[in-house]
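Going down the list, the sequences are from chains A and B.
FYI, the numbering for the first sequence is 1 to 387, going by the working numbering.
FYI, the numbering for the second sequence is 1 to 233, going by the working numbering.
It should be emphasised that the hints constitute simulated quantities derived from the structure, not laboratory data.
Treat the hints loosely; a few may be bogus.
[Claimed, not checked] Derived Cβ-Cβ restraints for the label pairs, each shown as a range:
id, chain 1, residue 1, chain 2, residue 2, range
1, B, H208, A, R14, 29 to 39 Å
2, B, R128, A, E382, 29 to 39 Å
3, A, G267, B, E24, 28 to 38 Å
4, A, A357, B, R64, 25 to 35 Å
For every residue, glycine included, the Cβ atom is placed at its ideal position computed from N, Cα and C.
Single-letter residue listing:
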Amino acid sequence: MRWLPLLLANLRRRPLRLVFTLGSIVVAFWLFALLEALRSGFATSISMVGVDRLMTLNKTSIIQPLPVAYFERVKALPGVAEVSFFHWFGGVFRDGRTQIPVYVCDPESFLRVYPELLLQPGVREAWLADRQGVLVGSGVAARYGIRAGDRIPMRSAIYRQRDGSDVWEMNVTGIYDIAEGAATLDRQSFFFHYDYFNESVGAGRDRIGWMVVRVADPGRSTETAARIDAAFENSSFETKTSTEKAMARQFADQVGNIGAILVAVVGAVFFTMMLVTANTMAQAVRERTPEIAVLKTLGFPSAQVMWLVLAESLLVTALGGLLGLALGAASIAAIGPGIRQFIPVFEMTWRTVALAALLMLAFGTAAGAWPAAGAMRLRITEALRHT
Amino acid sequence: MNDGGGAGVVELRGVCKSYSRGGETVHVLDELTLSIPRGDFVALMGPSGSGKTTLLNLIGGLDRPTGGSIEVEGLAIDRLSEAALARWRADHVGFVFQAYNLLPVLSAERNVELPLLLTRLPAPERLRRARTALALVGLADRARHRPRELSGGQEQRVGIARAIVTDPTLLLCDEPTGDLDRRSGDEVLDLLGALNREFGKTIVMVTHDPRAAQRARRTLHLDKGRLERETRA
Chain A
1 MRWLPLLLAN LRRRPLRLVF TLGSIVVAFW LFALLEALRS GFATSISMVG
51 VDRLMTLNKT SIIQPLPVAY FERVKALPGV AEVSFFHWFG GVFRDGRTQI
101 PVYVCDPESF LRVYPELLLQ PGVREAWLAD RQGVLVGSGV AARYGIRAGD
151 RIPMRSAIYR QRDGSDVWEM NVTGIYDIAE GAATLDRQSF FFHYDYFNES
201 VGAGRDRIGW MVVRVADPGR STETAARIDA AFENSSFETK TSTEKAMARQ
251 FADQVGNIGA ILVAVVGAVF FTMMLVTANT MAQAVRERTP EIAVLKTLGF
301 PSAQVMWLVL AESLLVTALG GLLGLALGAA SIAAIGPGIR QFIPVFEMTW
351 RTVALAALLM LAFGTAAGAW PAAGAMRLRI TEALRHT
Chain B
1 MNDGGGAGVV ELRGVCKSYS RGGETVHVLD ELTLSIPRGD FVALMGPSGS
51 GKTTLLNLIG GLDRPTGGSI EVEGLAIDRL SEAALARWRA DHVGFVFQAY
101 NLLPVLSAER NVELPLLLTR LPAPERLRRA RTALALVGLA DRARHRPREL
151 SGGQEQRVGI ARAIVTDPTL LLCDEPTGDL DRRSGDEVLD LLGALNREFG
201 KTIVMVTHDP RAAQRARRTL HLDKGRLERE TRA
């Protein structure tokens, strides 16, 4: 504490330069906080996915369908507790430009496989009873003002009905929510009856997109997945079965390797920040050469002078870093509700704060090391000659 | 010139100092022997390049001799390590510079407090001593002023307060009136004289000004790195 007045006084020496230096540090740590929240959000989403559920897709690609008959065949396989299936509808809403994730599903098995789906009392029964009924996620319902009882004309960007129309009329039976902590389903989707779709669709009947399998014993998931794929080996529609977690990871990898993006962006920003801070410290020490010589004359040991310069570098980095983190926390709080519709966990964690503290220490030390060494080596008599 | 052989607070024996510049060796001090008793007030005079400041730097432990020995209060300071020499300076020497060399970002009292930061004194005691030193040089009412808010003479008095705040054995002054007008210079010299007479401080002062030198008890004249003569007040 005894050195703090001296350190603060030195920091305030050039206010404009301090503002610019702090600005670069604030931006670096603000970006770090946001990207780390994003990375951690993706990682948490993947880790939260159900471990007892498998996904079975067409081996060629997720956009290639499977025969609906596979549903019954998989249900009969040993190790399979429950199966449901989905089909991608490609919903287009209202003005013809708003795209909505709309899934065709088998309602009864869907509700059994996803117990985390939360519905108001009576909605379950009403939805099962209404072939044109649709369950709407609370997020999308709030965004577009959709309420239970609404009738919605939903176009498909992929399918047409047998009469040539591409519009399916749907009755909003209820709004669903997701149990806290579950990340397998989002709150942005529509789910409607496969029977209604399959009976009216022109081309592509009796086809499904993928199946979700609840296994009887999560410890034997790999074995069950292999059994499912073996059942359809050498058929026209071979399957590929893996855990939902693996699928979620593959999806995240399609979006991009978040970790690599984080390291690249934050690395570049931090490197720039370090150069700016190091330049500031080098200038500050150069300007203060006579003062450093005076301190040494007064009896300040060389090591003490070195620590003073390092401490100044650490102080400015910590100040900027904490401001950046605070700004990051505020930004996460502000944009969090929107982001959490897609990534359920989007927040600043203690791990982020601890990592940021380590980065402040590392970059503050690196930025101040060279000027500090110069101050330590400074020869008093030579420096005083220039006063 | 051999200046006495008694046990002074500062004892230099056969001190040499040379630099290597552009492949040539420049001899700044040549076999210099000098004794400064406790409570003395010595002025060092001589033409530029005669070795006055180098001698002051050697006595203050800012530089090391290339030959001979330097003892202050019986301690061979030329044999101390860098760290030990820094500690010794903090405890035993007060420096007064021609250009004052105050830290512009600190107030007068914070400047005076600087040497005390190296002690274990608590903050209130450090500030109390800094204010006492400022009062001693007549600047109690300027404690919170920054150097740029003070006149040259006041700045130099703050510099003297900083030099005496640790109650050092030696006060080393390098042209303390060189940047001051006559009146301010006289005030500074009055102050140094008082510190010598009333507080028994041993003072070594480099100066070009014969009027300033007259305030000292004796003046040593250097030329080409050797003591040429001594005059007494």
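Here is what the structure says about each hint:
{"no.": "1", "hint": "H208/B with R14/A: 29 to 39 Å", "verdict": "holds (36 Å)"}
{"no.": "2", "hint": "R128/B with E382/A: 29 to 39 Å", "verdict": "holds (36 Å)"}
{"no.": "3", "hint": "G267/A with E24/B: 28 to 38 Å", "verdict": "violated (51 Å)"}
{"no.": "4", "hint": "A357/A with R64/B: 25 to 35 Å", "verdict": "violated (43 Å)"}
Taken one by one, the earlier hints fail for this structure at numbers 3, 4, listed in ascending order.
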